[in-house]
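Protein sequence lines, in the order shown, are assigned to chains Y, B and V.
Numbering-wise (our numbering), the first sequence opens with residue 268 and increments by one.
Numbering-wise (our numbering), the second sequence opens with residue 886 and increments by one.
Numbering-wise (our numbering), the third sequence opens with residue 3 and increments by one.
Hints in this document: simulated from the structure, not taken from any laboratory.
Don't take each hint at face value.
[Claimed, not checked] Only pairs whose alpha carbons sit at most 30 Å apart, straight line, appear in this in silico DSBU-like list of lysine-lysine:
| # | chain 1 | residue 1 | chain 2 | residue 2 |
| --- | --- | --- | --- | --- |
| 1 | Y | Lys383 | V | Lys280 |
| 2 | B | Lys1535 | Y | Lys323 |
| 3 | B | Lys1473 | V | Lys280 |
| 4 | V | Lys93 | Y | Lys415 |
| 5 | V | Lys280 | B | Lys1591 |
| 6 | V | Lys267 | B | Lys1591 |
| 7 | V | Lys5 | B | Lys997 |
| 8 | B | Lys1307 | V | Lys5 |
| 9 | B | Lys1307 | V | Lys267 |
| 10 | B | Lys1299 | Y | Lys383 |
| 11 | B | Lys997 | Y | Lys415 |
| 12 | Y | Lys415 | B | Lys1307 |
| 13 | Y | Lys323 | V | Lys267 |
| 14 | Y | Lys323 | V | Lys280 |
[Claimed, not checked] Which stretches of chain V does chain Y cover? Using the computed rule of at least three CB atoms under 8 Å from a CB of chain Y, they are:
| # | segment |
| --- | --- |
| 15 | 161-170 |
| 16 | 261-274 |
Quick reminder that beta carbons are idealized off the backbone N, C-alpha and C, glycines included.
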Amino acid sequence: MSQIISFTLNGEKISLETDPMRRLLDVLRDDFSETGVKEGCGEGECGACSVFLNGKLVNSCLVAVGSVHGMNVETIVHFKTTPAYRVIEQAFGDAGSVQCGFCTPGMVLAAYALLKDNPNPDETDIREAISGNLCRCTGYNMIVDGIKLAAKQGNGKW
Amino acid sequence: MKNTISTPVDRLDGPDKASGRAIYTDDIRPDGLLFARTLRSDRPRARILDIKLPELPDGYFIVNKNDVPGRNRIKMLEDDWPFFAEEVVNYVGEPILLVVGPDREQVNQILKSIEISYEDLPPVLSLEDAITAESPIFGDDNSFAAYEFQKGDPDSAFDAAKTIIEGEFKTGYHEQAYMEPQGMIGSYTDGKLTVTGSMQCPFYVKNAMVQLTGFPENRVQVIQATTGGAFGGKEEYPSLLAGHVAMAAIKTGKPVKLVLERGEDLAVTTKRHPSVSRYRSAVDENGRVTAMEADITLDGGAYAGLSAVVLQRALFAAIGVYNIPNVIVRGRVLATNHVPSGAFRGFGAPQAFFAVEMHMEQIAAELGMNPLTFKEIHLVQKGDTTATGGVLRDEIKIREMLNRVLKLSDYRKKEGMFASRKGRFRNGIGLGIYLHGCGFTGKGEEIIQGTATVRKLAEDRAEILVSNVEMGQGAQTTLRKIVATTLELPIENIDYPNPDTDRVPDSGPTVASRTVIIVGHLLESAAKELKARWDENEVLSVSKSYRHPSYIQWDQDKLQGDAYPAYSWGVVAVEVEVDTLTYETAIKGVWAVHDVGVAIDEDIIRGQIEGGILQGLGYASIEVMDTENGAYRQRSFTDYIIPTAVDAPKIESELVDNPYEYGPFGAKCAGELPIAGAAPAYAAAVGHALGIPVHEIPAKPETLIKRVEK
Amino acid sequence: MVKTYHPETLTEALKIRNETHALPYAGGTDLMVRYRQGPGLVPAFDREVMFIGHLPELTKLQEKNGEFAIGACVPYREIIHHRHTPEILRKACSLIGAPAVQNLGTMGGNICNASPAGDTLPPLAILDTHLTLQSVSGERQVSLLSFFTGPGKTILRDDELLIGIHFRLPHFTAEGYRKVGTRKANALSKVAFAAFMLKEKDMLADIRIALGAVAPTVVRSRELENRLIGQPLTDLANLMPDLLESYGTLIQPITDQRSDANYRKTVSLNLIENFVLKEES
């Protein structure tokens, strides 16, 4: 039974009439063309579909859109316009953190989720923070380096 | 001396990927798009008796073997692999038909309502079955390919041996686990077929489409979309998906998209061939191996695919990096009712390196010698010959590299210290020494004769036209860097759009670690000529086609001579700690030195090395894929586990400089090389920690606990 | 398409539950995987669904003088970050999935999902946890161990909701937690182990041991624990063979695509022995 579901998407209040059990991931990709949100596994293992829900990192494949009624959803589409994103993008570039790129938007959001709570993370903090974001290309160390560099260059201004 | 070309630059594809702007196959949404889903066999081997289709609503279609306009065979070595099953299905997951339509829910409903009745046939579910099967799947002996070659006089050497040592070594399935699942989009407009998707080899797909459709070449166009990882998994398999969307597009006249869901991707796409290798070595009174016999058997799955060439690369790597005067190598790929095995980074070599490295460890142990010393005295030098009798003409720096790894890892000290460790946590350290033959095996490069073009677009701008793709490995950056440096233009002024077969020459597939050494070299030569002729015209193209260096001799019938034009080399040490309560293993350190000629970009090479090593460590440790009644038991990322950032070790990695005359700026190959040594190094380290030989990977805790606790 | 409910209060939720028996959806991390169908397809829920994850009454975590009351819909991440959370529970929660899953998944969900491998269950079992189940007709308290009747099966009635999780932090001198998965993070358990020990002088005054993923429901036996309680520490080693044999009969692991029965059993017994004798995990 379609229902009206209202939430804030990237700062904009939206209402849509849809099946509340649809995955937030599908709603973002199919209804809002947010193709920066990727589907890698569909079961919360890989983190490619990461978004912020009320400011917290979640896997959008595990979220029924009906459950976000009244909440705040932020995706890479909005996050990429922020100064914090630019710091992370530059750091990822300098550290060679990007290869095939399919995990990268999710990895960027996971990095930010860490840095805004913990601006000076140690190696263990970083690895745990991205442990739900699978990457098959890099072996992770160059991503860890990218996050370390972002922490340094962001200098606590998250 | 540092080469300026090696200084890292920011990857040119980085910002688009990080920001989510990069468009992958599933992100492409043309108007009028239809979605396809595949109905698959749930039997390993059966005759299809009947397919009951429901009444289809308007706008929905079934696409099956009857819709093949040309030939229902994927163009490959044997042409035995159908796009859609005909009378018989040969593996669980084999496509039978597609349901196509505008609404995915509806497509799914239709798919679920189709009933198939089968008559089960006796399946071939193991290598043993393959040998004894009464009704073979392929030919009269279930063998897709079998080869044998020798060097020297192995019979006499075995006769004269003081000791003969034998061992059996096994490796399991290995899933590429690229993050972007496979996907394709087909469209058909004004009699022209266009296929866009995630792929390594646009011209493989194009040639497959020509054979499928019977269309002339100018009516088939293939375009690569941004590709989210491949590792060989998008070498041959995309041709199958392309065929499906092509037929659906031709039938419906609309664009059709087929993207595999992860579980489906795991269940039905090609993996690394499982292997069983039997080795036998003759050792003289001085502890020298005088002869080695290797017999490698691969599980090829239900169709031939690329198995024959995978086997060749395995066999050519069979004696590893050792100078063995007398050699006999044989091997075969057997047909089973498993999902077809296929290309995966290393392409047969990782199986052989695991076997030969563990066999060398085994010989040393049985002779009471130190394994490192034993390997060291057998290492090849410049001028020695390979298993196929090819001459190693170029400078070999393997000893220098080995010494460096020993120093970085403090190997000798740990080796002694760990051996005497008692108690719950046991440490071990192990070594892998390996090489990778660059480019295609044998005459491959000569046969495909890749062509690469550099085109001047403006006074300060040029374009690369090749069919090689960026799939994460950095081709966008390395190839542009080669051309930009040669033309003395800023790298941003070199365009390199994703290949479109209507625009680019066939420079060959993006496989075999050939992109830089072969295609990069063609681009370097083309750019050099273009630079010399820069002022001739406003727009000017220079193309270069591959010519085999005349010194390379290869006899494909006898498998004798130089199997590869050049070799890259590697040494890796792995330190582990095993918890003997649970037999879980933690990787405590990895130290590696590689010779890739000259690095075109040190960051990109580091990315290849670290990613390759971790993939190899996963192969040896936690990545378990096995079958039950022919189907994989692990069909999700919850069950097929790849390492996370927490599992990944730090890797201390260095390069040695060793320029290659025929590579661009002296570069050789790098993509596949680093995966070969990690598995044997890991297995040797676990063996060292527990005091048992580890001859099978993945070295699961479940297996280790049985071996130690009983 | 199934009907869904989005109540604003617990009272409203209980009423809906009573009338419709709708499936409670807290964080969704188990349900969305269980019913998933693939890209672009609506997960195939087979009954009405009620979203409860946002209800304020269910998202409170309180600690008072060592008494814990955790709302059924408190996500793992909040439990991990709460300063009074017992270490053993913090550890168990922080090894469930990864941060993005911990932000969604709830302890109530982990309990009601009743997976043999539910990671919070062994620590909750040794905390002598009680659950509050509420319906329009009233409320009842049950022990965690009596809540489960089999894999995926509980005594929760279809008019009830699990609303709260209660335990008191015991006094102990050693604790042990170990999750054995295929990898170090973001893995499902092959074996999970949790234990407390209280030593008084030369005697074992109390011990509690629980195991997950090795039987249809979480394994804890007060009877076997009692065999050790009151014993001199020097006698523990002698008691081990019999004790392990008895645990061996309680542990009935399965062989599946992630591990095998032999491994699960051997490791479980190794972990018990090692904790009792060496206080390590």
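The hints, checked one at a time:
{"no.": "1", "hint": "Y:Lys383 - V:Lys280", "result": "violated, 40 Å"}
{"no.": "2", "hint": "B:Lys1535 - Y:Lys323", "result": "holds, 29 Å"}
{"no.": "3", "hint": "B:Lys1473 - V:Lys280", "result": "holds, 24 Å"}
{"no.": "4", "hint": "V:Lys93 - Y:Lys415", "result": "holds, 25 Å"}
{"no.": "5", "hint": "V:Lys280 - B:Lys1591", "result": "holds, 23 Å"}
{"no.": "6", "hint": "V:Lys267 - B:Lys1591", "result": "holds, 12 Å"}
{"no.": "7", "hint": "V:Lys5 - B:Lys997", "result": "holds, 23 Å"}
{"no.": "8", "hint": "B:Lys1307 - V:Lys5", "result": "violated, 61 Å"}
{"no.": "9", "hint": "B:Lys1307 - V:Lys267", "result": "holds, 24 Å"}
{"no.": "10", "hint": "B:Lys1299 - Y:Lys383", "result": "violated, 41 Å"}
{"no.": "11", "hint": "B:Lys997 - Y:Lys415", "result": "violated, 49 Å"}
{"no.": "12", "hint": "Y:Lys415 - B:Lys1307", "result": "violated, 37 Å"}
{"no.": "13", "hint": "Y:Lys323 - V:Lys267", "result": "violated, 38 Å"}
{"no.": "14", "hint": "Y:Lys323 - V:Lys280", "result": "violated, 40 Å"}
{"no.": "15", "hint": "161-170", "result": "violated (count 0)"}
{"no.": "16", "hint": "261-274", "result": "violated (count 0)"}
Checked against the numbered hints listed earlier, the structure breaks hints 1, 8, 10, 11, 12, 13, 14, 15 and 16; every other hint is satisfied.
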